[in-house]
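Asks: Protein sequences, first through last, are from chains S and V.
First residue of the first sequence: 245, per this note's numbering; consecutive thereafter.
First residue of the second sequence: 245, per this note's numbering; consecutive thereafter.
Accuracy of the hints is not assured; some may be wrong.
As the list claims (entries may be wrong) - Once the Cα atoms are required to be at most 27 angstroms apart in a straight line, the calculated DSS-like pairs of lysine-lysine come out as:
1. K406/V - K494/S
2. K494/S - K431/V
3. K581/S - K406/V
Claimed, not checked - Non-contacting residues of chain S with respect to chain V, defined by C-beta distances greater than 10 angstroms in every case (computed):
4. T247
5. L264
6. E279
7. L299
8. D352
9. D360
10. L421
11. H423
12. P460
13. E483
14. G507
15. S539
Claimed, not checked - Which bits of chain V does chain S cover? Going by a derived footprint, with three or more residues having C-beta under 8 angstroms, they are:
16. 464-474
17. 493-503
These aren't lab readings, by the way, just hints derived from the structure by calculation.
Yeah, the Cβ is synthetic: ideal placement off N, Cα and C, and Gly gets one too.
Protein chains: 2
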Amino acid sequence: MNTLKNDRYLKALLRQPVDLTPVWMMRQAGRYLPEYRELRKQAGSFMDLCQNPALACEVTLQPARRFPIDAAILFSDILTIPDAMGLGLYFAEGEGPKFEKPIRTGSDVKNLFVPDVADKLSYVTDAVSLIRKELAGDIPLIGFSGSPWTLATYMVEGGSSKDFRHIKAMLFDKPELLHQMLDVLAKSVIAYLNAQIESGAQSVMIFDTWGGVLTPRDYKLFSLSYMAQIVAGLKRENEGMRVPVTLFTKNGGQWLEAIADSGCDAVGVDWTTDLADARARVGDKVALQGNMDPSVLYASESRIREEVETILSSFGSGNGHVFNLGHGIHQFVEPEKAGCFVDAVHELSRPYHP
Amino acid sequence: MNTLKNDRYLKALLRQPVDLTPVWMMRQAGRYLPEYRELRKQAGSFMDLCQNPALACEVTLQPARRFPIDAAILFSDILTIPDAMGLGLYFAEGEGPKFEKPIRTGSDVKNLFVPDVADKLSYVTDAVSLIRKELAGDIPLIGFSGSPWTLATYMVEGGSSKDFRHIKAMLFDKPELLHQMLDVLAKSVIAYLNAQIESGAQSVMIFDTWGGVLTPRDYKLFSLSYMAQIVAGLKRENEGMRVPVTLFTKNGGQWLEAIADSGCDAVGVDWTTDLADARARVGDKVALQGNMDPSVLYASESRIREEVETILSSFGSGNGHVFNLGHGIHQFVEPEKAGCFVDAVHELSRPYHP
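Assemble the whole structure, with the sequences as input and the hints as a guide.
Replies: Following this line, the structure appears as structure tokens:
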């Protein structure tokens, strides 16, 4: 049953009328907030923070205490699934995530398995339950996962990459091996997101950070098809409410029509696509989420308001817009600028919902 | 007068009939070649190599000795112009290019000037003359420059960047300052490319590596408009021959129509756009250059041939295709794979030129 005090975000995802355009920020719980940096220092490592449900809950709630955002998003790492598969996730200072055991050979892939979420990832579902309780129905909670392709890039490269050398060699020369891996990952993401939904996530989002490095053909074969498989396998209703699914491929602006055909409820759009064009292309199939360049938050408050207005007018009147940044908020942004952004969306969007 | 033994590349850029699809590779003179690494070791620094016309000539010719490529491209750095403006270019080991004096303030911008090419950049024009002589009419020579926006990103950030924090703050808050800077850069690029043309470059290309990080509006205002200004200011005929101009914006696949309207002869396309779509969108306005993912060169020879065939058939029959990679060749590619690629384009393209 819907006991939400603010359900703008869920309504907009389902293209239902709202009073104001809802807004949240990708990576809204993070390093740009001094209270996050403080807690991070106390917690020890980044993974210690993710794996402690009380701390993950606290971090999730921090931006909601500062800003009138319309949704909270679970604080967690994108690589929890491969970690639960035993790849040994660790963070080398200043180098980003790494895996002790990257996946390179046929036998590496054969040894992959769908992790038991209740056993290996209970720290995530516990955090979800706790956050839901603490939110007390104020705003909805978003669960999330990386896309199979995006998870696979880290697993095969052993960490972040610039040229995706190893996974692309696999894609071109041993596509059946990569498909085998993506299939295990898709099943894992389904189990993982369904567990988040059952624990209380009221909407879920799949982040395809690296789908945009593929050709159009390969994007459909190796990334989108697995996201579509996930969408089809998700529990789309819980507590008597529809659970909307958002897909976001960074640099996927050329493929919005195909993404909108995946069965998802909403498509995330980065700032390299005009929202008016995006809307014309996807029609009434899905809601759109986006799409301010996060770097606008380095600008003055008046410039931030101007850009918010430009994007609101670009989407235009009518239902189906969730305002967001086109990528995660940067660590050097002043929190006041994030506040200005959220307020501007609410204030300036009123005329678009007559 | 045209004394070229192989003019396929120039003809294809002008959408004239050719016997085979011409091919060259972005960054074809570079680290993946052992003979390059050997010369680089002898030369001292990377800039020593660029600033010595004899060595720059030698490096330019290396790939042409190995592979039957249809064009050579001047070996030089993308940042010679800001270096000539006195910003103090240096290369920190493993960190890429850096500037001692980044451009941040109004007075920094006011002090910028169009460098005297004959004085400060004669090492480039001397290299061009020498290469032309050494090529002896076998294949044409391509000159190049970075786009004003791309040069500005390095100048304002002080080097490579992930989030373009400083230049975007300037773009959003002090657009007039950025325009002032881009205007000096556009004039500098015109002088620089015209000097290359007068020294013997038979075609020129503008690399807009970072245009793709902008919104569609800002791309047109801050990158494309300055490239169009350059195109309009270039000497388009020399030695009785048309000098074709190619524009390439990495991740610019969404804006091909606008790029094709700039007055250029050809548009570079990366692998995230299907060449059949690209051709349908630009029509008869321009030739297209591209677009194999350079990572395909990590795959087997049969897979490379397969991808070449896919791209040839995607462009289809008719004039106006220069085959290339969608970005520079990676340093870990085996030279034999590059050879296989070049041969495959020639062999497999014959049926497309009946």
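Asks: All hints, please: hold or fail.
Replies: Outcome of the hint check:
1. The suggested pairing of K406/V with K494/S holds, with an alpha-carbon distance near 15 angstroms, which does not exceed 27 angstroms.
2. Distance hint between K494/S and K431/V is unfulfilled; the C-alpha atoms sit about 34 angstroms from each other, more than 27 angstroms.
3. Annotation: proposed proximity of K581/S to K406/V holds, straight-line Cα distance about 20 angstroms (limit 27 angstroms).
4. Listed as outside the interface, T247/S is consistent with that label: its C-beta sits roughly 39 angstroms from the nearest C-beta of chain V, beyond the 10 angstroms cut-off.
5. With a least CB separation of 23 angstroms from chain V, L264/S remains clear of the 10 angstroms interface cut-off, as annotated.
6. Non-interface call for E279/S relative to chain V: holds, since the shortest CB-CB distance, roughly 22 angstroms, exceeds 10 angstroms.
7. Listed as a non-interface residue, L299/S keeps its Cβ farther than 10 angstroms from every Cβ of chain V; the least gap is roughly 27 angstroms.
8. Residue-level check passed: D352/S sits 18 angstroms from the nearest beta carbon of chain V, beyond 10 angstroms.
9. In this structure D360/S is separated from chain V by more than 10 angstroms, as the shortest Cβ-Cβ distance comes to about 35 angstroms.
10. Every CB of chain V lies more than 10 angstroms from the CB of L421/S, the least distance being 13 angstroms, so the non-interface label holds.
11. The non-interface label for H423/S is consistent with chain V: the shortest C-beta to C-beta separation is roughly 15 angstroms, beyond 10 angstroms.
12. Residue-level check failed: P460/S sits 5 angstroms from the nearest beta carbon of chain V, not beyond 10 angstroms.
13. Here E483/S stays apart from chain V, with its beta-carbon at least about 38 angstroms from theirs, past the 10 angstroms limit.
14. For G507/S, the non-interface assignment is confirmed: its Cβ lies about 23 angstroms from the closest Cβ of chain V, beyond the 10 angstroms cut-off.
15. For S539/S, the condition that its CB be more than 10 angstroms from all CB atoms of chain V is violated, with the nearest at approximately 4 angstroms.
16. Taking a C-beta to C-beta cut-off of 8 angstroms, the stretch 464-474 of chain V contributes 0 residues in contact with chain S, too few for the three needed, and the coverage statement is violated.
17. With 3 residues having a beta carbon nearer than 8 angstroms to a beta carbon of chain S, the stretch 493-503 of chain V meets the requirement of three or more and the stated coverage holds.
Taken one by one, the earlier hints fail for this structure at numbers 2, 12, 15 and 16, listed in ascending order.
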